Amino acid sequence: MSGSRILVVDDEPQIQRFLKPALVASDFEVLTAATAREAMRLIATRSPDLVILDLGLPDSDGKSVIAEVRAFSRVPIIVLSARDQESEKVEALDLGADDYIEKPFGIAELLARIRTALRRGTGGPGGVADTFEFSGLRVDAAARVVSRDNVPIHLTPKEYELLLQLVRNAGRVITHRQLLTSIWGVAHADDVQYLRVAIAQLRAKIEADPAHPRLILNEPAIGYRFAGE
Amino acid sequence: MSDCAAVSHSNTRGPDPSQGHVHRAGTVTSWDSMAQESKLDRPPPSGGANPRTATTPAALNVPPWFVAIVVPLLAVGAITAAGYAVSDLIALKNISMLYLAAVVVSALAGGRVSALLAASLSFLAYNFFFIEPRWTFTIAQPDEVVALFMFVGVALVTGTLAARRSEQAEAAREQARSTTALFEFSRKLSASLGLDAVLTTTVGHIGQSLGAQTMVLVDDEAGTLSLAASEPPGLSLAPEAVFAARAARDKRVPTGLSTAIIPEADYAFLPILSAQRVVAVFGMRPLVPDQSLRSQKNGILVPMLEQAAIAIDRAQWARASARAAVSRESERLQSALLSSLSHDFRTPLASITGAATSLRQLGDKMDAPTRDDLLQSIEEDAGQLNRFVANLFDMTRIESGALKIRREALDLPEIVERAVTRVRTIDPGFAVSISFAPNLPAARGDAVLLEQVLFNLLDNARKYAGSDQPVAVFARAEDGEVSLSVTDQGKGIAAGDLERIFDKFYRRGSGDGRAAGTGLGLSIARGFVTAMGGTISAESPAARKRGTRFVIRLPVARGEAS
Numbered sequence: 001m002s003g004s005r006i007l008v009v010d011d012e013p014q015i016q017r018f019l020k021p022a023l024v025a026s027d028f029e030v031l032t033a034a035t036a037r038e039a040m041r042l043i044a045t046r047s048p049d050l051v052i053l054d055l056g057l058p059d060s061d062g063k064s065v066i067a068e069v070r071a072f073s074r075v076p077i078i079v080l081s082a083r084d085q086e087s088e089k090v091e092a093l094d095l096g097a098d099d100y101i102e103k104p105f106g107i108a109e110l111l112a113r114i115r116t117a118l119r120r121g122t123g124g125p126g127g128v129a130d131t132f133e134f135s136g137l138r139v140d141a142a143a144r145v146v147s148r149d150n151v152p153i154h155l156t157p158k159e160y161e162l163l164l165q166l167v168r169n170a171g172r173v174i175t176h177r178q179l180l181t182s183i184w185g186v187a188h189a190d191d192v193q194y195l196r197v198a199i200a201q202l203r204a205k206i207e208a209d210p211a212h213p214r215l216i217l218n219e220p221a222i223g224y225r226f227a228g229e
Numbered sequence: 001m002s003d004c005a006a007v008s009h010s011n012t013r014g015p016d017p018s019q020g021h022v023h024r025a026g027t028v029t030s031w032d033s034m035a036q037e038s039k040l041d042r043p044p045p046s047g048g049a050n051p052r053t054a055t056t057p058a059a060l061n062v063p064p065w066f067v068a069i070v071v072p073l074l075a076v077g078a079i080t081a082a083g084y085a086v087s088d089l090i091a092l093k094n095i096s097m098l099y100l101a102a103v104v105v106s107a108l109a110g111g112r113v114s115a116l117l118a119a120s121l122s123f124l125a126y127n128f129f130f131i132e133p134r135w136t137f138t139i140a141q142p143d144e145v146v147a148l149f150m151f152v153g154v155a156l157v158t159g160t161l162a163a164r165r166s167e168q169a170e171a172a173r174e175q176a177r178s179t180t181a182l183f184e185f186s187r188k189l190s191a192s193l194g195l196d197a198v199l200t201t202t203v204g205h206i207g208q209s210l211g212a213q214t215m216v217l218v219d220d221e222a223g224t225l226s227l228a229a230s231e232p233p234g235l236s237l238a239p240e241a242v243f244a245a246r247a248a249r250d251k252r253v254p255t256g257l258s259t260a261i262i263p264e265a266d267y268a269f270l271p272i273l274s275a276q277r278v279v280a281v282f283g284m285r286p287l288v289p290d291q292s293l294r295s296q297k298n299g300i301l302v303p304m305l306e307q308a309a310i311a312i313d314r315a316q317w318a319r320a321s322a323r324a325a326v327s328r329e330s331e332r333l334q335s336a337l338l339s340s341l342s343h344d345f346r347t348p349l350a351s352i353t354g355a356a357t358s359l360r361q362l363g364d365k366m367d368a369p370t371r372d373d374l375l376q377s378i379e380e381d382a383g384q385l386n387r388f389v390a391n392l393f394d395m396t397r398i399e400s401g402a403l404k405i406r407r408e409a410l411d412l413p414e415i416v417e418r419a420v421t422r423v424r425t426i427d428p429g430f431a432v433s434i435s436f437a438p439n440l441p442a443a444r445g446d447a448v449l450l451e452q453v454l455f456n457l458l459d460n461a462r463k464y465a466g467s468d469q470p471v472a473v474f475a476r477a478e479d480g481e482v483s484l485s486v487t488d489q490g491k492g493i494a495a496g497d498l499e500r501i502f503d504k505f506y507r508r509g510s511g512d513g514r515a516a517g518t519g520l521g522l523s524i525a526r527g528f529v530t531a532m533g534g535t536i537s538a539e540s541p542a543a544r545k546r547g548t549r550f551v552i553r554l555p556v557a558r559g560e561a562s
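So the sequences go chain by chain: E and L.
With our numbering, letter number 166 in the first sequence gets 166, and the count goes up by one each step, no holes.
With our numbering, letter number 100 in the second sequence gets 100, and the count goes up by one each step, no holes.
If we strip away everything but chain L, and leave its shape as in the complex, we get (with noise of 0.2 Å):
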């Protein structure tokens, strides 16, 4: 940890740093992203607010200095008492040996420094207490010099091998947890579909290996870097901090807390690196705060952030290239409903201009009948351009929501026979059966709608199921409101277009051989009808496995329901 993070920070580090935050950044303006300003204003999740006594238990995390230094008192304190115990059995040589299994013990559990420090204290502690002349650090004998030096000889020497072989265990175990981390890691990763499950992985895992508060940040649309996902969810970032992570982005280093780079930031920050450019940037800040980043357990981050790397690209490239589809999509609509609007007028168009230009070059040249259809299909394509207009003209009007609707009580057949009246100015042969239940309540509507909502219905019935086919009109009462069905005999519609027909600009088929037609009628019909407060659906088939039948409910009028 480093010394001026601490100190610039002492202000802010309350029993709750997360809170600290959001006081602070709430005050800074200099923020680029909108969307971090109004992550500052949530309330920090209450599981992960104070990360000190939240997530570490004291009783099985005694600092090893404590352990270094203890041990050996202890055993040596134990030895002691033990051999002066039997001292009057056993020969002074033995004695030494026993304290040879104290700095054994202390090796094994404190390391080389407890080892030593065993030692030191067995030699003084034989020394006072068991050699003559007792209770003073002099020796008599001259002999016992030689193997007193021989006995902190042969402590050092096997100390510091106990201490090794526990150093080396330690590190086996060390591996194979990184190693079962790393795989765990990697296996998360792979089940992770989509960025934010693959983000949401890498700073939840990360966060709990390593025991720190974690997040990543990625760049959004705008390329404005921001903050994605974090350990526990919903931390949020100080001004320094997002300047450390940017520097991160730009640099490609290590910014922030314990590095050279903006240390005042209270996070540190890593770049994550895939092969071409930095994907994502990691931040962490350890949850015991003397716990440094460069520690040994850190080893692990480094392998982890590369898996991270790895699956972060392949989301990110995955993402950009559903959205290419989406827009590939999107303007193949586009290309697709210019072409069919430019097909229905200009077919229309080409008619008028070239009867009319056959007439006036060649009129001479044709007898009276052929100049008489000429003139009579100039009539007629000028009708179907008025019909595509208003058609174009009504669907602004539900879009704009400039449609001023009656509500009266509507004289339904009065309006099916205009509307049948209609479709027969452009087909005279168009063949419709109309019927009415009897006792039908009069339903609430614009008439003038509705009978458009109808005319739509019928043209759509001639031009799809052919008018040799008669088309059925049928009004009853149902359910409370009145059903006005149109049924045509045509050849249906599959189940999965019954509600794209009412589309703007759907059509079903392709190319020029369909019926001229905007892909607007149903699309007018639902606006419409739903404007008056009814509703409309398709099924198909109709009967008898053929033909689809329109079904329009409106309300009943007032005072008229029974």
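Here chain E stands alone, though its shape is the one from the complex (with noise of 0.2 Å):
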């Protein structure tokens, strides 16, 4: 993990000029680009193993980096945004990007975020693990059993499949979007109430206080995303 190869997308040279002495104090080796262009062919050549990218860019929208990269390679994405831009981070992760952070941030945040992006990108725990356990909730995924605190919890096969896709991308976000059209298909991407209900079952199975999920967090107007580390 530490080691790896970070290429910072901002056109804002402040972000660069924090981020970059942040990231190699923590023993990232970190490119910078500050157009769209420089990017596509930083990550073309260079192969970054994580790319932190802000959506505005002088010379293209970050969303079109998105789907460019996403044509040819997995390299885990993290879009820099405001927190009063909901649409175009759904818009981002729709299109391939991992996760995303608002600023401002502090570095403490930003480097979870990126653990846990490279950790999915190298295939480790929490990428396509057959059993995951957190907080006495253990998903055995080989065996389709759900437990808490070893007592057999039963779910419904769309619970089922929900969960296993939340606990599969722990600490990532995912969009309602994203889970609406795994589970139920394409004809219901847009059927938030669906997730909404199924959710709460959900919830109301495996959380210790369902009113206070600890376990499936909501990232209102994006999606969930399944408690992490």
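Please note that a few of the clues may not be correct.
[Stated by the list, open to error] Per the computed footprint, the stretches of chain L lying under chain E, defined by three or more beta-carbons under 8 Å from a beta-carbon of chain E, are:
| # | region |
| --- | --- |
| 1 | 343-355 |
| 2 | 366-374 |
[As the list claims (entries may be wrong)] Taking lysine-lysine pairs in the DSS-like style, the calculated list, with each CA pair at most 27 Å apart, reads:
| # | chain 1 | residue 1 | chain 2 | residue 2 |
| --- | --- | --- | --- | --- |
| 3 | L | K463 | L | K491 |
| 4 | L | K463 | E | K20 |
| 5 | L | K365 | L | K463 |
| 6 | L | K404 | L | K491 |
| 7 | E | K63 | E | K20 |
| 8 | E | K20 | L | K365 |
Worth flagging that the hints you see were computed from the coordinates, not collected in a lab.
None of the values given here were measured: they were computed from a predicted structure.
For glycine and all other residues, C-beta sits at the position ideal for the given N, C-alpha and C.
If you follow the hints, you should be able to join the two separate chains into one complex; please do so.
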């Protein structure tokens, strides 16, 4: 993980100015780009292990960078965005970005997101592992068994698929559309209420206090995130 | 004309009906539209004050019943006189043929009734003057009786045929007139641009075609039915008429004058219906009072209103869609402004937060120059935030009028120097050449405000022209004023944008990539200079197809004018 190469794409010199020393001090190798064109060139030639991408770039929309990169690479992409740009974030995630972080952010939060994304990218724990355990909840994908504190929990097939999808992406946000498309199908990509109902039922079965969920977290207007780490 | 309407309005039907309504309506307070209240105070236009005398030439408008009586009398009288003069020369039977001519003439001029009257008069006159014994209504010879009745029969048939022929010709002429009027109306409507023009055309054309006072009422923005156009212009409505108009809109039936609903109103109202809705209400009052609304002539009213409905509907949709476009544009501006402000504040905040947290958590892994650079970036971004806040504060002061302006003789070189020094705290490499014309009179203004204006101009030049290009500041006397110019060597500004750059929040370019700024600098500069009694303008290109020049002109301080 340390030693990984990170490409920071942002046209604001002030952002580069603190991100670069902070990432270097965290033992990453840092590449920087201020334009979409430069970013594409570096991704193609230097194969970074992760890309931090600001959505507003002078020569192109950051979202088009995501679409272009995804045509040939699965490199994890973390999007930098403002809080008031929900639709931008959702579009970026649906296009294949792995996560997003809102400006302004503390460096610790960014580093945590980077580690989660890098683990996924390298197929480590939280990737496609067969079993997952977090705070007493155990999901055994091979045996299709879910238990909490060793007490088996009965889930409907939809609830099980939803949980599996969330835990396999633990620590990472998944958009409503991504969950709906993979579990209910493309025809229901916009039926967010299906998802709300299923999440509520799932929480009732796996959360210690469903009113204050600790495992399945809301990302308002964007999607859900399974608490990782 | 309804009797009821005539009676109820007898007190107001003076020589000037609209004058009467002004007086009456002024005492009514239940009207729901202030706009209409104000219309009541308007004096009636002199042209249309009295419709009867204004537009009805008596010579051309003899009542039909008069014609129907007078023509047979004259015709039969003339034939009798002529027949009497020649009765010794021609056979008695031929005289009856002359009477047939009188019947035909009467039929053509006055129609069926006239023909019948002429036949009856001819019967009596022929009998009295020509059939033996003369000077009595008795008939001596039986065959004369037969001949007389045959004459009456022939006269009636001929007269009827002639009258029908005359009616058909009249109907055909009327039809042609209607078609022409309708065509003309349709042509005028399609040439009318905008709702107001369509409404004016509607009332004007229908009013002239039917010889009536006409008006059209539409719902205003508050949904209140109010008068939008009238012929003659400036008509006003009595309260009953307003109620009638509203009833026509709500019930979608004719109301008012000559109808069953609120007949006491002095106008008749008809809803103008499009496919789905009532687009307007049409009101009219015939200029000749006894001309019924249901008279033949009004057959053309219905197709005309249908034409008008289409045109009004179209104009209303066009207006609604234009409004929607304006509101979309203003929403777009608002959201662009918000996103710009959000970006300009969030970037320095993100940098400060990022640098501070990096220093705290990773500082011990960084070398001293790196830590120093992060600390310095925090200082700089705090300074940038401070300038944004100051700009917003200045703008608020200008807009609220809370600006206190000093009007003193200004030491321009010192003010320019202070502004340049401030720019250099942001960008130490800022290159500027400053020159003053000899014998420059002192300008009058506020030193603090002018320094801010200069700073904004220099900072703009630095951001948009690039700090490697020198910026020129030059002051001289010009047309009794002191002009102070700031010229950069940047790309320049398109002619169409030269005024817009002074608009609040206007920024050239878009997206994240442009230089940081609130889009307030020039707007504040203009606000300050204007408050000092001066002007500020932009010129581009400044020289050799490049660059932008901002020129501030300030009045010369008193006692200094040369």
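Subject >> Agreement of L:K365 and L:K463 with the hint, judged by alpha carbon distance not exceeding 27 Å >> reply: Violated, at about 35 Å.
Original post:
For the region 343-355 of chain L, does the count of residues with a C-beta closer than 8 Å to a C-beta of chain E reach 3?
Top reply: holds (count 11)
Original post:
Is L:K463 close enough to L:K491, meaning Cα to Cα at most 27 Å?
Top reply: 12 Å, holds
Original post:
CA of E:K63 to CA of E:K20, is that 27 Å or under?
Top reply: 23 Å, holds
Subject >> Check of the region 366-374 of chain L against chain E for coverage (Cβ-Cβ below 8 Å, three residues minimum) >> reply: Our answer is that it holds, as 4 residues pass the Cβ test (under 8 Å) against chain E, meeting three.
Original post:
Between E:K20 and L:K365, is the straight-line Cα distance small enough, at 27 Å or below?
Top reply: 13 Å, holds
Subject >> 27 Å limit on alpha-carbon distance, applied to hinted pair L:K404 and L:K491 >> reply: 36 Å, violated
Original post:
For the pair supplied as a hint, L:K463 and E:K20, is the alpha-carbon distance within the 27 Å limit?
Top reply: 24 Å, holds
Checked against the numbered hints above, the structure breaks hints 5, 6 and satisfies the rest.
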